[in-house]
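Top to bottom, those sequences are chains A and B.
Mapping of the first sequence onto the working numbering: residues 13 to 125, in sequence order.
Mapping of the second sequence onto the working numbering: residues 10 to 127, in sequence order.
Treat the hints as calculated values from the structure; they're not laboratory data.
If you're wondering where the values come from, they're calculated on a predicted model, not measured in any experiment.
All the pointers check out, no bait thrown in.
Quick partial rundown of chain B residues pointing at chain A, CB under 7 Å, derived from the structure:
1. ARG51
2. GLY52
3. LEU53
4. ASN114
Subject to a maximum C-alpha distance of 30 Å in a straight line, what follows is the list of computed DSSO-like cross-link-like pairs (lysine-lysine):
5. LYS53/A - LYS126/B
6. LYS31/B - LYS56/A
7. LYS31/B - LYS53/A
8. LYS78/B - LYS53/A
9. LYS58/B - LYS53/A
10. LYS56/A - LYS78/B
Heads up, the beta-carbon is just placed ideally off N, CA and C, and yes, glycines get one too.
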Amino acid sequence: EAGVTQFPSHSVIEKGQTVTLRCDPISGHDNLYWYRRVMGKEIKFLLHFVKESKQDESGMPNNRFLAERTGGTYSTLKVQPAELEDSGVYFCASSQVVRAEAFFGQGTRLTVV
Amino acid sequence: AQSVAQPEDQVNVAEGNPLTVKCTYSVSGNPYLFWYVQYPNRGLQFLLKYITGDNLVKGSYGFEAEFNKSQTSFHLKKPSALVSDSALYFCAVRGDMNYGGSQGNLIFGKGTKLSVKP
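Here chain B stands alone, though its shape is the one from the complex:
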């Protein structure tokens, strides 16, 4: 079965410090990996994706994520956190269709609340 795990319900970081939001996945074949962010009273906004190619993916707002196949991880990172980065972050995976993965639907983690304090 396909699944996504975000082991931390909440991550607290001081402004200016680096941040990491963890994500691990379980799929058959090659995964399609995504990060989304939800600001208060807003919808989900796409941040970045990994489909193939370079393991380090750069996205919006200075975020990046590293795909690690051996550890089945796709952690979200930012070198210097801003107070405005405080939000709910979701990792999602779409399975490889050649291995029975669903053609369209995303499997989401439960979300990690990021709190950046001044």
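Here chain A stands alone, though its shape is the one from the complex:
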């Protein structure tokens, strides 16, 4: 069984540019989550999809971040325009049911210069 896949693994962009991160969850997992770890800090929740619907987006830092999950399969997280403080590792995770453990992808390391 394939795990959670994230693309790209690394991205270096200039301040003001746009970046789109992609996450392919485990097949059949309705729940998809985005998390972020800024250097040296805790892993922080960003948002939670159930199928194509946003269940909880309380962790999204501001309106420069836009997440979508069209069709309830893969998800994208767009940052536009990127700022220096957006640098960090963005993790995607999925789970079959909400109360079950979530399985994480390898993360996308975003560096904004």
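Add chain B to chain A, keeping to what the hints say.
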């Protein structure tokens, strides 16, 4: 507010010795507790979880964790450490939805770096 504390930034252990990575939590109601491990250049891997039942939970790679409700702790343990156990360990909690806990999101500790020397 829900929170997780991992009081040690780093734990150093000699190979073959027992190891403990500490975690305490604060949630309302019954917690759902998890341990994840991150090896270098890899994603987070699920190790074990406590939802309900036996306070001693066994997980992957010989790890176990003990849920202690009175001390609000969920320490990760292994009887005999391996050099290959060296990694970053994260404790996480999901609150009880009946007490206002979030339905989906995990609250993570800051992580503890485990270093096992030969």
